[in-house]
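Work out the full structure: start from the sequences and follow the hints.
The numbering of the sequence shown is the UniProt record's numbering, which starts it at 1 and goes up by one.
Worth flagging that the hints you see were computed from the coordinates, not collected in a lab. Just to be clear, a hint being listed does not mean it is correct.
[Stated by the list, open to error] Below are the DMTMM-like pairs computed for lysine to aspartate or glutamate, each with C-alpha atoms no more than 20 Å apart in a straight line:
#1 K101 x D47
#2 K363 x E306
#3 K125 x D202
#4 K179 x E362
#5 K363 x E224
#6 K363 x E270
#7 K179 x D358
#8 K125 x E135
#9 K101 x E224
#10 K101 x E270
#11 K363 x D277
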Amino acid sequence: MRDAYLVGAGQSDYGAFPEESYRSLFRTAFEAATESVPNGLEPSDIDEAFVGNLGVGGRQLGLSGPAVTEHVGLGGVPCTRVENACAASGFATRQAVQAVKSGMADVVLAGGFEIMSDMSSDATKYWLGVSGETEWERLSGTTFSGVYAQMASVHMERYGTTREQLSQVAVKNHANGAKNPHAQLGFECSLEDAQSAPVVADPLNLYHCCPTSDGAACALIVSEDVVDEYTDDPIRVAGVGAGSDNVGLFQRDSYTGIPASQRAAETAYEMAGIGPDELDFAEVHDCFAIAELLAYEDLGFCETGEAGQLIESGATELGGELPVNTSGGLKSKGHPIGATGAGQVVEAFKQLTGNAGDRQVEKPARGLTHNVGGSGGASVVHIFEREERNSSRNSSGHRPRETEAETEVSAR
1 MRDAYLVGAG QSDYGAFPEE SYRSLFRTAF EAATESVPNG LEPSDIDEAF VGNLGVGGRQ
61 LGLSGPAVTE HVGLGGVPCT RVENACAASG FATRQAVQAV KSGMADVVLA GGFEIMSDMS
121 SDATKYWLGV SGETEWERLS GTTFSGVYAQ MASVHMERYG TTREQLSQVA VKNHANGAKN
181 PHAQLGFECS LEDAQSAPVV ADPLNLYHCC PTSDGAACAL IVSEDVVDEY TDDPIRVAGV
241 GAGSDNVGLF QRDSYTGIPA SQRAAETAYE MAGIGPDELD FAEVHDCFAI AELLAYEDLG
301 FCETGEAGQL IESGATELGG ELPVNTSGGL KSKGHPIGAT GAGQVVEAFK QLTGNAGDRQ
361 VEKPARGLTH NVGGSGGASV VHIFEREERN SSRNSSGHRP RETEAETEVS AR
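Quick look at the structure:
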């Protein structure tokens with residue numbers, strides 16, 4: 001199969017925007033993505049689109065993908081709406097990569113959006129809960145934070161993980177988010193602040209939980225056949241992995257790990273031909289502080305039960321051995337459900353192109369994104385890497401271009 005490349009990515013701000021619509025937020029992200037392509041990309045270049053969205057609030061549940069793509073000038077372009085809870089646009093990105101690698105398309109848009117701020121807190125809880133097991137979790141009164149609180153409680157009891165270590169996740173991610181102009185909660189917090197916040201679902205407090213957000217994000221994936229038209233410094237999609245599991249936490253064998261993430265990571269590492277020790281940064285799904293600690297273990301950043309020690313060591317801070325959530329993560333940047341996975345790809349693109357501003361990792365070559373749906377019913381992992389120029393490229397660093405006649409034959 002052909003190689004796939006990330007050539008552009010952009011997002012709207014994340015937050016609460018009563019003056020914006022889901023269409024206007026998506027337009028902002030789409031325009032940011034196309035403008036980020038080094039050599040330019042026209043909407044008419046796009047062959048296909050995949051758009052992630054949960055549909056919080058019930059607005060435009062049917063055909064929400066085409067509703068935003070036609071608004072940005074992609075009328076007539078095939079568009080598929082992808083729903084996989086919080087992992088919707090992570091899986092939309094995977095679909096885009098598959099379309100390119102299979103030869104079905106050369107230029108594919110992957111994106112996502114969500115509006116979450118225009119309803120009551122009770123309604124928001126309902127829409128968050130739809131990604132849990134309906135009969136035995138949501139309808140019995142279990143909240144999304146309550147499910148992750150169960151995971152945190154077991155991890156703390158079994159491995160000695162502490163509330164302070166949970167709070168250190170919040171402190172780190174807020175420090176990074178304070179450097180991100182798109183972040184919803186773009187301010188720093190002290191360890192004392194993070195430890196003394198009101199309890200939401202014991203042992204998780206307010207600073208251990210991500211906010212609900214409005215926002216959109218887009219990424220542009222292209223084939224090896226056309227990548228040189230768009231950039232001189234390709235970012236290859238080196239690895240992709242995905243996994244699914246029982247939707248209900250109570251249906252699984254373990255509360256201290258997410259098997260879908262473990263399978264997704266294993267597949268992505270194998271495809272990329274690397275191990276976790278060869279990553280330069282990672283964006284992981286930290287909907288709650290415990291979720292980031294579980295990700296450390298599920299993705300192989302440390303051994304099982306050692307995530308608390310890893311956050312405590314400073315290794316995952318900006319400037320550490322493996323910076324995690326340089327964007328601020330879901331905790332600080334925000335979590336517009338349908339946009340979150342694509343938003344992680346935006347951060348990977350910025351880091352690998354050296355455009356992450358004050359949160360820039362020094363000379364990164366390879367990064368990972370990790371997007372989870374619900375409490376672990378679905379998970380997707382992507383590994384992106386700056387491509388080393390090889391012998392298949394000419395002396396200027398580009399692959400030889402096809403003639404128009406050759407292009408016609410290839411298209412047939």
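Hint check:
no.	hint	result
1	K101 x D47	13 Å, holds
2	K363 x E306	28 Å, violated
3	K125 x D202	17 Å, holds
4	K179 x E362	16 Å, holds
5	K363 x E224	24 Å, violated
6	K363 x E270	24 Å, violated
7	K179 x D358	6 Å, holds
8	K125 x E135	16 Å, holds
9	K101 x E224	9 Å, holds
10	K101 x E270	17 Å, holds
11	K363 x D277	16 Å, holds
Of the hints listed earlier, those the structure fails to meet are numbers 2, 5, 6, in rising order.
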